[in-house]
Amino acid sequence: MVKTKTEISRRKFLKSSSGVALFIGISGILPQMISCKDPKKIKEQLAQQPLTAWVKLSEDGLITIYNPAAEMGQGSMTSLPLIFAEEMDADWSMVKVEFSPQESEIYGSPGWAPGSKLMFTVGSRTTNSYYNVMRKAGAQARYVLISSAAKHWEVPIEELTTSNSHVLHGKTNQKISYGALVPFLEMPETLPDLSEAQLKNPKDFQLVGKDIPRTEIPAKVDGSAMFAIDIRLPGMVYGVLERGNLHGSRPSLTNEAEILAMEGVLKIIPLDYAIGVVAKTLEQALNAKQSLKIDWSESKASGHNSQEVYTTYKKIASQKEKGKVIIEIGDVAKAKRTAAKTYMVDYKNDYVYHAQMEPLNAVVKVAEDGGSAEVWVGSQQGTDTKLGVPKILGIAPENVNVHLQYLGGGFGRRSMNDFVEECAYLAKEMAPLPVKLIWSREDDVTYGAFRPLSLQRLTASTDYNGNITSFSHAVVGDGGNLVASAVANDHYDIPNQFAEWREASNGIRLKHWRAVGHGPNKFAIECMLDEIARDQNLDPLDLRRKLMAKAPRALATLEKAAEISRWNTPSIEGRAKGMAFVEHGSLGTGVCEISIDRSTGNIKVHHFWIALDAGVVVQPDNVKAQMEGGIIMGMSSVLKEQITIVNGRVQQSNYHDYNLLRMQDIPDSVETVILESAEIPEGVGETATPMVACAIANAFLRLTGKPLRHLPFSPERVLQALNS
Amino acid sequence: MATFQLDINNTKHKVEVTEGTSLLWVLREHLGLTGTKYSCGIGQCGACMVHIDNQPVRACLLQVDNYAGGQKIKTIEGLSNNGDHPVQKAWIEAQAPQCGYCQSGQIMQAVALLESNPNPTREEIKTHMNGILCRCGTYLRIIKAIELASKTPTSIKN
Chain B
1 MVKTKTEISR RKFLKSSSGV ALFIGISGIL PQMISCKDPK KIKEQLAQQP
51 LTAWVKLSED GLITIYNPAA EMGQGSMTSL PLIFAEEMDA DWSMVKVEFS
101 PQESEIYGSP GWAPGSKLMF TVGSRTTNSY YNVMRKAGAQ ARYVLISSAA
151 KHWEVPIEEL TTSNSHVLHG KTNQKISYGA LVPFLEMPET LPDLSEAQLK
201 NPKDFQLVGK DIPRTEIPAK VDGSAMFAID IRLPGMVYGV LERGNLHGSR
251 PSLTNEAEIL AMEGVLKIIP LDYAIGVVAK TLEQALNAKQ SLKIDWSESK
301 ASGHNSQEVY TTYKKIASQK EKGKVIIEIG DVAKAKRTAA KTYMVDYKND
351 YVYHAQMEPL NAVVKVAEDG GSAEVWVGSQ QGTDTKLGVP KILGIAPENV
401 NVHLQYLGGG FGRRSMNDFV EECAYLAKEM APLPVKLIWS REDDVTYGAF
451 RPLSLQRLTA STDYNGNITS FSHAVVGDGG NLVASAVAND HYDIPNQFAE
501 WREASNGIRL KHWRAVGHGP NKFAIECMLD EIARDQNLDP LDLRRKLMAK
551 APRALATLEK AAEISRWNTP SIEGRAKGMA FVEHGSLGTG VCEISIDRST
601 GNIKVHHFWI ALDAGVVVQP DNVKAQMEGG IIMGMSSVLK EQITIVNGRV
651 QQSNYHDYNL LRMQDIPDSV ETVILESAEI PEGVGETATP MVACAIANAF
701 LRLTGKPLRH LPFSPERVLQ ALNS
Chain C
1 MATFQLDINN TKHKVEVTEG TSLLWVLREH LGLTGTKYSC GIGQCGACMV
51 HIDNQPVRAC LLQVDNYAGG QKIKTIEGLS NNGDHPVQKA WIEAQAPQCG
101 YCQSGQIMQA VALLESNPNP TREEIKTHMN GILCRCGTYL RIIKAIELAS
151 KTPTSIKN
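As given, the protein sequences belong to chains B and C, one line each in that order. Note that our numbering has the first sequence beginning at 1, numbered continuously upward. Note that our numbering has the second sequence beginning at 1, numbered continuously upward.
Keep in mind the hints are simulated off the structure, nothing from the lab. Mixed in with the good hints there might be a few duds.
Computed cross-link-like contacts, EDC-like style, restricted to lysine to aspartate or glutamate with a CA-CA straight-line distance of at most 16 Å [what the hints assert, rightly or not]:
hint	chain 1	residue 1	chain 2	residue 2
1	B	Lys640	B	Glu716
2	B	Lys314	B	Asp346
3	B	Lys203	B	Glu676
4	C	Lys126	B	Asp668
5	C	Lys151	C	Glu115
6	B	Lys280	C	Glu16
7	C	Lys89	B	Glu216
8	C	Lys144	B	Asp668
9	C	Lys144	B	Glu671
10	B	Lys706	B	Asp535
11	B	Lys706	B	Asp346
12	C	Lys126	B	Asp665
13	C	Lys144	B	Asp621
Partner residues are not named here, just some residues of chain C that face chain B (Cβ under 10 Å, in silico) [claimed, not checked]:
hint	residue
14	Met1
15	Trp25
16	Gly35
17	Tyr38
18	Ala47
19	Glu93
20	Gln95
21	Cys99
22	Thr127
Each residue gets a CB set at the ideal place from its N, CA and C atoms; glycine is no exception.
All chains should be built: construct the whole structure from the sequences, respecting the hints.
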């Protein structure tokens, strides 16, 4: 059986004659340290708290730091260990990074709720959630080193300093490397619960804030990076599922005997919503899948037509009865009664699909006695780090070992466990054979879980001076927070605000999609501001300046974005700039410059400028990469992407009819300026993407005088707007 | 089932598979050369780009039967011994990958470009690379990496 990194590290670790594991937990576990020269003690320790180590140090100076978060391209494999190494004063060139075991009691962070411990790589919260955890753990590791050196040299600990994996004693001019200190390491009787004040001043950071290359990139340029889809195990068989394109439909297989007679087919495994086939090889499994004859039942989604449903949504928006109130500040109704002018605009967005490049897949091996299982998966983890597998197998969570692999894209799709659970069902039937489940791209599209379609009705009022006195936002759509998040305008000084969600359910599978509600809702909010500005003869920059008067950090991003984009310098003929402000943990203002091909309806985005306040930035170049990628993914969704549903059936199936942005359509540049800050780091993965729709539409409005109010801005819709 | 002999990365590989099996499944699932990726299976995304007789081709569209006649197949694993092909080095310098899943295909396509056109213009790069999708949106850094590699004084041919 193939050993995963974790197992290999555990094994080596046990056998190692010179390494030391620092069991410095954040879970209140009494810190323990045992020389690796005493394997028995290590085993005892591992049996007690098998997986508490954040770091492994060996005599040759090699330092292994464990990353508790998923790596899907956002850089956690570097950022979290870097924070740890910073406080430990580790020589980064001697650091190796491995995924930590998937044990949330030990490696979870309290970043979601105080007292909770989750391993959950979603919501752009990883760096934010683990910043203090990793700093403190790194500082405690350093404390163990200096207290041991103090004993070894018989000098007061206060006289010791550290630098680049060395402990130094200035008075006696002594210096010892962390590796050389290993034989002398002793666990202090008590490990101080270091407070923020005892950690480094961000001004003194040596690693954090510098451009450190990402640790996993070399493996991503030579084909050696392991994604779950790359796992191969002896005796492994292949599973595929036919799920149809009508969500919620139930299948009846009508040619079971024929399928079972096909070459290589081992088993047919029916699920509520799909027919599974397991075969000896992938090609045999796919071949059998193609031959399945299935009668599909109607479902809740039957009759749903995505392009006609807006009529219904509009009716819902017009109903007197309010939906679920999300925000209520001041008195919107009163503000409207005394307003000089009121506005009402509807914005719409079609379904979009994640299109992560690695189709969903997993490998599960259930032990012959059914009592334990191994799972190889690219997952964004979750409230259940065992991803639903224990329940399916009827076994305890500790008997399921999850080996996290690199994710070939997540974007929210991989925090849903459907694909892992499916594989567990198949593996249960096939035990002890390991099963690799692969979704074809067609499966991934047609049985996708989409960002919901929605309609946003925005109303606003202004006084006689053009000030916005009220702002209200009704979101009509399915999926609760999936559609209704990000309606707050915390950085805009608008005295009366109201936001509500009006439910409309259509039976389509839905899921978080990068930036979630921010995508459609910021589009609506930021476009509404520009439509008001235009009507009031205000520059969109001036309008936002006024609104941000009480939000200095947001305002600083606005001013900086205006500066770097030369907002006040007119664009060349045929081009215009548009702006948008987004808060998603970090605060950012984006400006784009566009032109339009009026014969085809194609929008060309020439440049994007972003000013970002993300607190302390751990890896500046990586933050810029997130801005570039976020903008380009945003452009893809805004200009190209659309899932349509006819009578409940998903109409797209692969990249030929679900178009993604290609290289020829990218802007010439995406320029990011990071504003300096010593505040706690905030997420950056989802700040850029929601800027795109509104910045483009706002530029379009300034260029043509016409609003774009329906995502995506397909050439047909652009032409329609131009001709309106 | 039939036995095929393939010349991959200058090594002969024997594989027994059903006739008509795609070269991509043979590489990945039968031979363990998993650097070449599956993403669409219909030649739309280029994640499975390999070189056959120095030409970039999409392995998902090819049947193994037609490539067992001594054609020289090169995958990302065969591009260099230590990940030090000038294009790979440029990729690291530009910090191009994010999730990394499409990058083998991107690199194989870029190497093919630079082998035939060592100093491409930005427009030539875009045209040549347009067929390889990247969902993370790393295109700007891919261009940067190709421009870096094209400025490398050593030959692109490894």
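A quick look at each hint next to the structure:
For the suggested pair B:Lys640 and B:Glu716, the alpha carbons sit about 11 Å apart, so the restraint of at most 16 Å is met. Straight-line distance between C-alpha atoms of B:Lys314 and B:Asp346 comes to about 8 Å, which keeps the hinted pair within the 16 Å bound. Using a Cα cut-off of 16 Å, the hinted pair B:Lys203 and B:Glu676 holds, with the two alpha carbons roughly 11 Å apart. Restraint check for C:Lys126 and B:Asp668: satisfied, since their Cα atoms lie roughly 11 Å apart, inside the 16 Å limit.
Proximity of C:Lys151 to C:Glu115 is assessed by CA-CA distance (about 13 Å); at most 16 Å being required, the pair is judged to hold. For a cut-off of 16 Å, the pair hint linking B:Lys280 to C:Glu16 stands: about 13 Å separates their Cα positions. With a CA separation close to 14 Å, the supplied pair C:Lys89 and B:Glu216 stays within the 16 Å bound. Annotation: proposed proximity of C:Lys144 to B:Asp668 holds, straight-line Cα distance about 12 Å (limit 16 Å).
For the suggested pair C:Lys144 and B:Glu671, the alpha carbons sit about 14 Å apart, so the restraint of at most 16 Å is met. The straight-line distance between the Cα atoms of B:Lys706 and B:Asp535 is roughly 12 Å, inside the 16 Å bound, and the hint therefore holds. A C-alpha spacing of about 14 Å is found between B:Lys706 and B:Asp346, which places the hinted pair at or below 16 Å, so the restraint holds. At most 16 Å may separate the alpha-carbon atoms for a hinted pair to count; C:Lys126 and B:Asp665 meet this at roughly 9 Å.
A hinted pair counts as satisfied when its Cα atoms are at most 16 Å apart, and C:Lys144 with B:Asp621 qualifies at roughly 14 Å. For the restraint placing C:Met1 at the interface with chain B, the shortest Cβ-Cβ distance is roughly 8 Å, inside the 10 Å limit, so the hint holds. Restraint check, C:Trp25 versus chain B: the minimum CB separation of about 5 Å is within 10 Å; hint holds. Taking 10 Å as the C-beta cut-off, the interface hint given for C:Gly35 holds, the closest approach to chain B being about 2 Å.
For C:Tyr38, the interface hint holds, since its Cβ comes within 10 Å of a Cβ in chain B; the closest pair sits about 7 Å apart. Because the beta carbon of C:Ala47 sits about 6 Å from the nearest beta carbon in chain B, less than 10 Å, this interface hint is met. Hint on C:Glu93 holds. Least Cβ distance to chain B is approximately 9 Å, under the 10 Å limit. Given hint, C:Gln95 at the interface with chain B, holds; its Cβ is 6 Å from that chain's nearest Cβ, closer than 10 Å.
Satisfaction of the interface hint for C:Cys99 is found here, the shortest Cβ-Cβ separation to chain B being roughly 3 Å, below the 10 Å cut-off. A distance limit of 10 Å between C-beta atoms decides the matter here; for C:Thr127 the minimum to chain B is near 7 Å, and the interface restraint holds.
Hint compliance for this structure: no hint is broken.
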